[in-house]
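Residue 1 is where the sequence shown starts when you use this note's numbering, and the numbers rise one by one after that.
Since the hints were derived computationally from the structure, they do not count as laboratory data. For glycine and all other residues, C-beta sits at the position ideal for the given N, C-alpha and C.
So the derived label-pair ranges between C-beta atoms look like this:
#	residue 1	residue 2	range
1	Trp356	Val137	25 to 33 Å
2	Gly521	Leu452	30 to 38 Å
3	Thr444	Leu473	40 to 48 Å
4	Arg146	Phe397	37 to 45 Å
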Amino acid sequence: MDSPHRRPSVDHSRRRRPAGRGRGGGGREAHTMSPGTNGRELCDPVSSRRDPVFALRPNLAWAVAALVAATLGTAVANATTLSAHQMQRDPGVRVLTLQEALTLATEHNPQYRRTLNDLELLGPRLRQAWAAYLPNVNAYYNTGQRFVRQTSYYDFEGRPVLAENPTWVSSSSANTGLSINYDLFDGGRRSRERESTRAQVRADRLNARTNLDGVLAEVQRRFMAVQRQQARLALERDLLADRLRDLELTERRFELALDRRPDLLARELDVEQQRATLREAEGRVETALINLRVAIGDPSLTSLDVADALPEPFDPAAMDLEGLVARAMTQNPSVQAEEAQVRIRQASLGVERSRWWPTITASTSWGRGTRESGREALFDLRPGEDMSGDATWDFRFSIPIFDGFQRSYGAASARINLRNANESLRQAEMQLELDITTRFAQLTTDWETLMLRERALGIASERLDVMRDEYQLGTVDIQPLRNAISDEASARRDLVDQRFTFALALLDLYQAVGVVGEELGIETVPEGN
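Let the sequences and hints guide you as you build the complete structure.
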């Protein structure tokens, strides 16, 4: 049996040739002697003018039986060869399941890793908000040297005298100290700022979850794209095997003068076209694998493949649409992020209102220093130990009276931002409900289309079987059979594509609900971040 990728050799030595002008020729086509053909049939002037199909009608049953037996044997051999070919894998290729691909993506995908890195800043941001309740403590140390050019001096009577030779006089100093400042009362500003920071951290976590779910969904889409193209590749191989069997059948019929030369060429054309389609399918598989490897981001995956398990469709009528919407309203990270934005705006309004309150600040400082001529005090690590020192403390009470209407504008702007945040939340909830309803309707449509595709394939397969029987019986020519073959192949391709269309629609629905990571069993945002 020839490999599906080899062009079958056709022996044309038995094709009909014009007979000579000897006895019985007369320029007419001489009929090839076949088993069961006698001289009476050849001498019949009516039969000699008929098409060979009609000339061999008495032996048609024998020819059909022989062709069917040969075709069945070839089909079994082809099926065994293709099955063995599909089961072979390169031992150096790593075969990934969907869960393994997603786990590798969480470890190596650049976008996923960047998002996790950004989450590490949330802890320091919360600590910064709590630190606003602590006093500000500063310790300082400074040292330096000063040069003065003296051009005059005072005599003993206190009169300034111009110096004939001006000189440079230097001095050095060193100072160290500690200061503490603490806001005793700020009208609740720090509390509001801390609430705003906590809400912003929550919004950042939710946005990160949206990004991480998007990465996982993209990896899953590319994984299913590989599965889809591999399923199409297996289908195209099966179709090529079918076309080769059809070609062998036509060759045998041609040898028996049951088919004409154009019929044989049509079969050869079908084989070559199917080979081209198969090669295109192989290229699409290679491209899909490259896209999957890039989405995973693991540099060690130089060669990979995916598991052959196909996504199993199900009837969406078993799903609760209202339950999905209610679940999305409480778990969808985009809606929850909008709720966090509302809390941020509420806290910002509180901060602006706190600016109308007075502030009370307490501060204290301790310090000591020394000053010497020349460089004696320069870099003195214990300045003023035996000389100067100071200590102060004070309370500051400040009442805002007029600031050019800045507080009024800030409060009005915060109120507008809060109203807009509430409207954005309402819009996000409406859009979420619309997205879920639309995608659920699309999922239902894809399921019903899948059922129609299955019924269409059954009809196309039955029609093809009928056309094959009629073709072997000689009641129809090859063109209606070729049309039936093309329709059946299209129905098989449509069914494969529709299964993956349903799987993608289900993934889109889960992404709209916001539970991609949860459905996959992956914690996208760890609790520690």
